[in-house]
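Enquirer: Required output: the full structure, derived from the provided sequences and hints.
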Amino acid sequence: MTIIQKKAIRTVLVTDWLKEYEAKWKTMSELREKSMWNG
Numbered sequence: 000m001t002i003i004q005k006k007a008i009r010t011v012l013v014t015d016w017l018k019e020y021e022a023k024w025k026t027m028s029e030l031r032e033k034s035m036w037n038g
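If you're matching positions, the sequence shown starts at 0 in numbering that gives the first Met the number 0 and goes up one per residue.
All the pointers check out, no bait thrown in.
Ranges of calculated distance between the beta carbons of each label pair, as one might list FRET restraints:
| no. | residue 1 | residue 2 | range |
| --- | --- | --- | --- |
| 1 | W36 | M0 | 49 to 55 Å |
| 2 | N37 | D15 | 30 to 36 Å |
| 3 | K5 | K25 | 27 to 33 Å |
| 4 | T10 | L30 | 28 to 34 Å |
| 5 | S28 | I3 | 33 to 39 Å |
The set of hints was computed from the structure by calculation and includes no laboratory data. Only a predicted model underlies this, so the values are computations on that prediction, with no experimental measurement involved. Think of the CB as a built atom: it goes at the ideal place given N, C-alpha and C, for glycine as much as any other residue.
Expert: Okay, structure coming up:
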């Protein structure tokens, strides 16, 4: 495997992780807002 290929794979992994993290963060903040409205 070349260095470029390794870098590309790492970039894909990081972007996937960031997307997942962002999605989790969004749901967390949405839940927090809902609980604030209810509470």
